[in-house]
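So the sequences go chain by chain: A and B.
Start counting the first sequence at 1; every next residue gets the next number (my numbering).
Start counting the second sequence at 1; every next residue gets the next number (my numbering).
I should point out that these hints are in silico values taken from the structure, not numbers from a laboratory.
Small disclaimer: the values here were computed from a predicted structure and weren't measured.
Just so you know, nobody snuck in bad clues.
Okay, derived cross-link-like pairs now, EDC-like style, lysine to aspartate or glutamate, Cα gap no bigger than 20 Å in a straight line: (1) K106(B) x E81(B); (2) K42(B) x D104(A); (3) K39(B) x D82(B); (4) K43(A) x E22(B); (5) K39(B) x D104(A); (6) K43(A) x D62(A); (7) K102(B) x E22(B); (8) K76(A) x E1(A); (9) K39(B) x E104(B); (10) K19(A) x D84(A); (11) K42(B) x E46(A); (12) K39(B) x E46(A); (13) K42(A) x E104(B); (14) K74(B) x E22(B); (15) K65(A) x D93(B); (16) K102(B) x E46(A); (17) K42(B) x E104(B); (18) K43(A) x E104(B); (19) K65(A) x D1(B); (20) K65(A) x E46(A); (21) K42(B) x E1(A); (22) K102(B) x E17(B).
One-sided excerpt, in silico: chain B residues whose CB lies under 7 Å from chain A: (23) A34; (24) S43; (25) P44; (26) L46; (27) Y49; (28) F87; (29) Y91; (30) H95; (31) F97; (32) A99; (33) G100.
All residues carry an ideal CB built from backbone N, CA and C; glycine is no exception.
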Amino acid sequence: EVQLVESGGGLVQPGRSMKLSCAASGFTFNNYDMAWVCQAPKKGLEWVATISYDGSSTYYRDSVKGRFTISRDNAKSTLYLQMDSLRSEDTATYYCARHRNYFDYWGQGVMVTVSS
Amino acid sequence: DIQMTQSPASLSASLGETVTIECRASEDIYNGLAWYQQKPGKSPQLLIYNANSLHTGVPSRFSGSGSGTQYSLKINSLQSEDVASYFCQQYYDYHTFGAGTKLELK
Chain A
1 EVQLVESGGG
11 LVQPGRSMKL
21 SCAASGFTFN
31 NYDMAWVCQA
41 PKKGLEWVAT
51 ISYDGSSTYY
61 RDSVKGRFTI
71 SRDNAKSTLY
81 LQMDSLRSED
91 TATYYCARHR
101 NYFDYWGQGV
111 MVTVSS
Chain B
1 DIQMTQSPAS
11 LSASLGETVT
21 IECRASEDIY
31 NGLAWYQQKP
41 GKSPQLLIYN
51 ANSLHTGVPS
61 RFSGSGSGTQ
71 YSLKINSLQS
81 EDVASYFCQQ
91 YYDYHTFGAG
101 TKLELK
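All chains, full assembly: derive it from the sequences and hints.
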């Protein structure tokens, strides 16, 4: 059974940093691209970033380019999202997802609140 | 950027009824479309990919159709467990989601 478990969310002040993690199990992690997708409170879904199966390529939505960094450790079957220079508009639930063009499996999500 | 316009925003239907949700893309997305179901307080779950392919374990009362810029999700014989929000997503050019459709029981 595919499982994705996020951790690392919470309350953070504007301008500060936070790192999210996603532990994967139930599939061969290093065979798949992975992604982060976010959902602001009572809002729709937004793709944030994607990393290729081997970590050699990364892609970001414009609003997070230069501030967020997606990475992975295939030996640990873990995906990361380093979020720097956080803004109030980054407040959302962040989901990690297995990425096959579409997102076929999702974690339970972790809430990030950016507020002073 | 490709924009996805989803309709209706909300929908009320009776048990056993057939429900249709539509998504229109701002340009041709060549069947690069997925549908997701999100129950309250839960993460999204994939229902349909490539416009009309049913994801593993999804009940056959769900189906997808469409081409070009117009796509639809149909739920036959609505069940109580289908109460949820539904989102479309295009992946022909990066990734854009529709605003969602909230489905409730009448």
